[in-house]
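Fit chain D to the given chain L structure using the hints.
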Amino acid sequence: MAPDDQISDQEKVRIASDFIRHAPPGEFNEVFTDVRVLLNNDTLLKEGVAGAFALYNKDQLTPVKLPNSTIPSLVTDHNDIGGGRFFDPRSKQSFKYDHLRKEASDLQAWESDVAVESWREALESQFTEYTANHYKHGVCAVFGQSRNDSISLVACIEDHQFQPKNYWNGRWRSQWCATLSGGTGELQGTLRVQVHYYEDGNVQLVCSKNVKHSLTSSNEMETAKEMVRLIEESESEYQLAINENYQTMSDTTFKALRRQLPITRSKVDWEKIISYKIGKEINKTQ
Amino acid sequence: MTEEQLNRALDLMRRLPPQQIEKNLSDLIDLVPELCEDLLSSVDQPLKIARDKKEGKDYLLCDYNRDGDSYRSPWSNTYEPPLEDGTLPTDRLRRLEVEANAAFDQYRQMYFEGGVSSVYLWDLDHGFAGVILIKRAGDGARNIKGCWDSIHVIEVQEKSTGRSAHYKLTSTVMLWLQTSRPGSGTMNLGGSLTRQMEQDGTVAEPSSHIVNMGRLVEDMENKIRHTLNEIYFGKTKDIVNGLRSIQPLADQKQKQAFSEDLANALQKRQGKSDS
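Sequence lines, in order, name chains L and D. Using the UniProt record's numbering, the first residue of the first sequence is number 1, and each one after it goes up by one. Using the UniProt record's numbering, the first residue of the second sequence is number 1, and each one after it goes up by one.
Wrong hints could be hidden among the right ones.
[Stated by the list, open to error] Incomplete in silico selection of chain D near chain L, CB under 10 Å:
#	residue
1	9
2	12
3	28
4	173
5	189
[What the hints assert, rightly or not] Only pairs whose alpha carbons sit at most 20 Å apart, straight line, appear in this in silico SDA-like list of lysine to any residue:
#	chain 1	residue 1	chain 2	residue 2
6	D	235	L	164
7	L	272	D	48
8	D	23	L	255
9	L	267	D	26
10	D	235	L	25
11	D	145	D	26
12	D	253	L	165
13	L	165	L	26
14	L	267	D	76
15	D	253	L	255
16	D	235	L	166
17	L	255	D	229
18	D	235	L	26
19	L	96	L	55
20	D	57	D	76
21	D	168	D	229
22	D	235	L	243
23	D	23	D	101
24	D	23	L	22
25	D	159	D	124
26	L	65	L	136
27	L	136	L	25
28	D	145	D	231
29	D	145	L	244
30	D	48	D	124
31	L	225	L	125
32	L	267	D	102
33	D	48	D	26
34	L	136	D	26
35	L	267	D	169
Because the hints were derived from the structure by calculation, they are not lab data. Beta carbons: idealized from backbone N, C-alpha and C, even for Gly.
This is chain D alone, in the form it adopts within the complex:
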């Protein structure tokens, strides 16, 4: 029963307006408390920002750096509020995590020219997994609020030779746009798209993982950006204009009838001149 309930819960989250994800998720957990952990780990939420006071840097919160009610900063590697024995990556993984954060910090700057990023890694049996998070809020220009949230979950299976690995990426990008203006009232266009990609990569040294993950994430984000553009500003707009026609439909019918008449008349004339 619980697995069917989880499927129903996820279906519901795909249908309810994404503009109220947090409220919907909270209500869902209240309604079916047994699903709490499963829901928190499978439903993507807009990323929240916290401040690492020690390092003077912002970091992003998600289920992967959460332990109880505390969150681990990727900069200081400590929990806020402090935890006695919160889950920490092994030393080897932490070194990779530090490097990954630095690398994706640069990636973020080059593509987003602002915003916040965080990378969290954790061990698996034959490799490791990680999440790369990016949040970029717009500056509110032209009276439009915009925000981009990237959630890239990557699974790295290291081959026994240690010279190659298989990378599986599941990415969700959330895009939020809202405006309130006299002409158009309140307009709220938001939600997310999810895609998956996988590929192999050679591993000469630990840092190779960052190169391989980086390329995969970059390609994925570029693809999703393109699709977001098409869906948000193409598809949904076409649907609106399909619901109501600014041009009177009678006019269009007349135009169509006229061009059909014209085509018929031309055909007749051709027929006459041929014979």
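One chain only, chain L, in its complex shape:
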């Protein structure tokens, strides 16, 4: 494409939104500023790209402090009630969320779904204990919804470490969805890990895994305990598998790409390499 051709505003919005949505954990502000300068059109940014901020925060399971509670909540797809508002089932409140400032405000009372609340609370208590036991700075949230004959529960965990002074950031996200109906159910999980290291470079680890289990549900507490047991098992298995992969990647794959030294166990004799060539040249002229 010739430099004079300009793409449409729609395409610009698509590209800017894509960039925003792929910001590594902890670097939204930096990516936002980069995109703002490159787009060079604040109106288009506000009108067309603002939606991407919300999508990003929800996808990242962004933790949010509530002014009147010690336990933070999460911003996700599952507690989005529209109009820029989200609900926190733990404190029974809804709040306005500013996607750029990452702040909650305008707290209001929120009514939970009575039909599912006992199940949700049971899972929340077990899940909160599990989170505290495995995630040093983890934040979790449990959401529940009742339908005609079934109950759906969603449990999310987010933990992150941001160390921009050391040029790295990392985030773990777990999302578990259970559908219970008449004594049985299904548990589905999506586990995601992302790490960004950027001192004199750009190295990223992007991992994801989907898990499925079947459930038998008796009462609220027994089901919650069973779910957490399966979740703990799956997540630890996943973490072990990641570590094993690291071992194989370094011992096998990496070694096979480039040796530490040639098979002679000493560095290359460059004088020899060029003299061989010169020798060849001399032989050619004779």
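Just chain D now, kept in the frame of chain L:
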């Protein structure tokens, strides 16, 4: 404004997942077309391979052997697709380029035991510059895809005496590892590290440049290989294990409390026996 935009663009490329470099670069150029040439020459991309049908050998593509939409093969010294008057090195430089390609071809074989290499040189006012490229793809053993890309850009400033030169090397090594397995799902560990090194070297004859460049590149690659190992398989792994603990944290707190109690009890006993 354009210089600030270029800095922002480069900052963005350092943050977006390197696994999508090509798409990101293409989108960036679409968004800010004025930066096209600057971006193509300053953003490293995974190396592409082309076949020199005349010589029956593979060669690597980068911005330095590109002219328009054509690329020059270091083996036949011609452009594909053919160009009427594509940029070519001078005769003297071409001779050095041929020798450099042969030398680094051997270097590649000794360290990488496979893969493809290419060297391209171009003239400067008081010397010359070059890029040494190496690409090594893994064989997919253990269900893991791996690939190594080296991009070494070297600037050679020849001193007026002609008996020595100053070599400035900027190297980027890209390392890509991906696997998809039942236990660990999809795991993608990739990106690049960049380092710079410079040193002087004596020049007895033109070939001395190859010895000097070769030693510098070899030392640089060995250093970067070591750092890649530490960052990829050490640092990023430690970060993951810092996010989640396989051992229950309560257990660890208990263990810690227990060892503290033990230490205190021992101290008390010592205190009693001393008095």
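Indices of hints not satisfied (ascending):
The structure conflicts with hints 7, 8, 9, 11, 12, 14, 15, 21, 23, 30, 34, although it agrees with all the remaining ones.
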